[in-house]
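> The primary structure of each chain is shown beneath.
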Amino acid sequence: MSPPTTLTAWIDGIGLIAPGLPDWATAIDVLAGRAPFASAPSVLPAPALLPAAERRRASRVVRVALATGLAAVDHAGADARRLPAILAASTADGHNCVALCETLASDDPRVSPTRFHNSLHNTPAGYWGIATGAMAASQSLCAYDGSFSAGLLEALVEAASTGQATLLIAYDAEYPAPLFAARPIPDAAGIALVLSPAPTPASRARISVTPGDAAATVLADPALEQLRGAIPALRGLPLLHALTTGHAGRVQLEYLAPLSLAVDVAPC
Amino acid sequence: MLPLHLAHYTQVSCVGDGLAPFRDALQRGSGSLAPCRFHGTELPTWIGAVAGLDDSPLPAAFAAYDCRNNRLARRGLAADGFDAAVRAAIGRHGPRRVGVILGTSTSGILETETAFRQRGADGALPAAFRYAGAHNTYSLAAFVRAWFSLEGPAAVVSTACSSSAKVFAAAARMIHAGLIDACVVGGADSLCLTTLHGFASLELTAPEPCRPYDAGRQGISIGEAAAFALLERPAATTSGVLLLGCGESSDAYHMSSPHPDGLGARLAMEAALADAGLAADAIDYINLHGTATVNNDAAEGCAVGTLFGHGVPCSSTKGLTGHTLGAAGALEAVACALAIADGFLPGSANTRHPDPALPLDYLLASRSATVRRAMSNSFGFGGSNCSLVFGSAA
Chain A
1 MSPPTTLTAW IDGIGLIAPG LPDWATAIDV LAGRAPFASA PSVLPAPALL PAAERRRASR
61 VVRVALATGL AAVDHAGADA RRLPAILAAS TADGHNCVAL CETLASDDPR VSPTRFHNSL
121 HNTPAGYWGI ATGAMAASQS LCAYDGSFSA GLLEALVEAA STGQATLLIA YDAEYPAPLF
181 AARPIPDAAG IALVLSPAPT PASRARISVT PGDAAATVLA DPALEQLRGA IPALRGLPLL
241 HALTTGHAGR VQLEYLAPLS LAVDVAPC
Chain B
1 MLPLHLAHYT QVSCVGDGLA PFRDALQRGS GSLAPCRFHG TELPTWIGAV AGLDDSPLPA
61 AFAAYDCRNN RLARRGLAAD GFDAAVRAAI GRHGPRRVGV ILGTSTSGIL ETETAFRQRG
121 ADGALPAAFR YAGAHNTYSL AAFVRAWFSL EGPAAVVSTA CSSSAKVFAA AARMIHAGLI
181 DACVVGGADS LCLTTLHGFA SLELTAPEPC RPYDAGRQGI SIGEAAAFAL LERPAATTSG
241 VLLLGCGESS DAYHMSSPHP DGLGARLAME AALADAGLAA DAIDYINLHG TATVNNDAAE
301 GCAVGTLFGH GVPCSSTKGL TGHTLGAAGA LEAVACALAI ADGFLPGSAN TRHPDPALPL
361 DYLLASRSAT VRRAMSNSFG FGGSNCSLVF GSAA
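Protein chains in written order, with the working numbering: chain A, 1 to 268; chain B, 1 to 394.
If you're looking for bench data, these hints aren't it; they were derived computationally from the structure.
Mixed in with the good hints, there may be bad ones.
Chain B side only, calculated, beta carbon under 7 Å to chain A, not exhaustive [stated by the list, open to error]:
1) T112
2) Y131
3) A154
4) N295
5) F381
6) G383
7) S384
From a predicted model like this one, the values you see are computed outputs, not experimental measurements.
All C-beta atoms in this analysis are idealised placements derived from N, C-alpha and C, irrespective of residue type, glycine included.
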């Protein structure tokens, strides 16, 4: 049997939207404990790069995915058109799903074409391409509560195999009733990273990721820890926390039990 | 990329369980599509349903995963000794070193559609409703990972109709990065009201068995299937079929219409050839995406003609099985593997008059031929494109 493999990349850009954490610049001080965390609903900007009709109709998963992805690309000073995009989410658009299921259960089960194409897990990836013009490969993954780590692994492998910077966008949003009872995700959130296979002038930290079995790192602040557990995309928060400490460290990210990901973080 | 071995592969679709009925259908050009009478839903279209799923629940130990999609996956695992081949690979490599990367578009949504018809007065879903093991997009890979007691990396790729083609690319990257030594790849996608009514709303379902690339094509026939392959690094003595290259691209054009010139499709095919280190004239057969919609076949045909000229034998096999959506990429990878292993070019069932606007060497009937290398195309909503190149190991 082979020993575990370690994958290394450099983080060139970070995007974040979470309840009470409207962007990465704000989150740095909160995660580092320099500013208090104040819970508030996630604010999801309309995707300015989409044509007007699509912009107005953009769902919450599309908004959170595009906004966090574009924030990470801007932070890295990268060109979105050139980046392979790895999207990872535990759900598609929950509001659309409930509306579609209600229609299909009704006496008139005819659905609208827009409802149908918005039901796809890869709808945000499709709109990412339409918004940015990126014709590079994109990926849409799901690994339930392990979706952040599944996306991180895929992005690291993509960067290693292509030798090019790769964009990870991990996001989720809520279901309304009655599906909320079965899957109680409270709000939308997203974490995006531009991962480069070699250091660049924009690099902020080096990460080395090794599959293992350690328990996931718990955040010291109970409110932030509650967010980590409540929204699958925020299983990546311990990595963002480590980036705010200013020194090297190791965090463990939840993946698919018994497997977790050990992430060694070293600032550049 | 370095080639990978399709150490084992199989399928279940409306033509039957395993390679034998699929090979027979491909060679005879006769499929098993029937008028749509699915769970009381009558629509003016034809579908490719797999028989016997309604009355064959998963074993009690896997009840948390029970849904039509995972029942279909289990049938696929049981076909052609695929289950035993995976267990042998786990014995060789260990449960941490065998990945599970599978494609689906709608997973177990049929369970949720049914649960919505059974809501109580308060609107709540029935207490027996299960989300994680059925509805959630990951439930397919969760079930297969649990079935084999695996502990390695896993994910579902859900990019509509390219899903189970892209799993080959994702698994190949993961094996070459050294994370795993083998991977269960493929897909399962099962009939549900979302896709039957959804494609009908787009006016993309044909009122007849679908006729890919026909001048009079009227749209798709929706099917369901599970198809699996076990990918491993080849040994020096490996025979059989290899994955030689993968190419992926995005249309960046429209959510449910292909780029009219097939630009994204062409980029995916070019990338797959480059990944395999092959020129276009090295391809002996192309299994087209060929859904039989007016726009898809026109866009793909344009892209194939631009890249390959008009001399490469090609066909769509969706007239046999219907369009199995998130399982189509893996099902048609298996079709390519059979064409290579058994030396034949599959014809296009139901197609009578190939579209003269798409001047390709389009195969109406199957015939014997040496197929050293075959390409399979899969293109999905959201502009997600994937082309794979397979070849003979000998």
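> Please go over all the hints and tell whether each is borne out by the structure.
Each hint tested on the structure:
Hint on T112 of chain B holds. Least Cβ distance to chain A is approximately 6 Å, under the 7 Å limit. Because the smallest distance between the Cβ of Y131 of chain B and any Cβ of chain A comes to about 4 Å, under 7 Å, the interface hint for this residue holds. Hint status for A154 of chain B relative to chain A: holds, with the closest Cβ pair at about 6 Å, below 7 Å. The closest approach between the C-beta of N295 of chain B and any C-beta of chain A is roughly 14 Å, which is over the 7 Å cut-off, so the hint fails.
Of the supplied interface hints, the one on F381 of chain B holds, with its beta-carbon coming within about 6 Å of a beta-carbon of chain A, less than 7 Å. Given the 7 Å rule on beta carbons, the hint for G383 of chain B holds: about 5 Å separates it from the nearest Cβ of chain A. Taking 7 Å as the C-beta cut-off, the interface hint given for S384 of chain B holds, the closest approach to chain A being about 6 Å.
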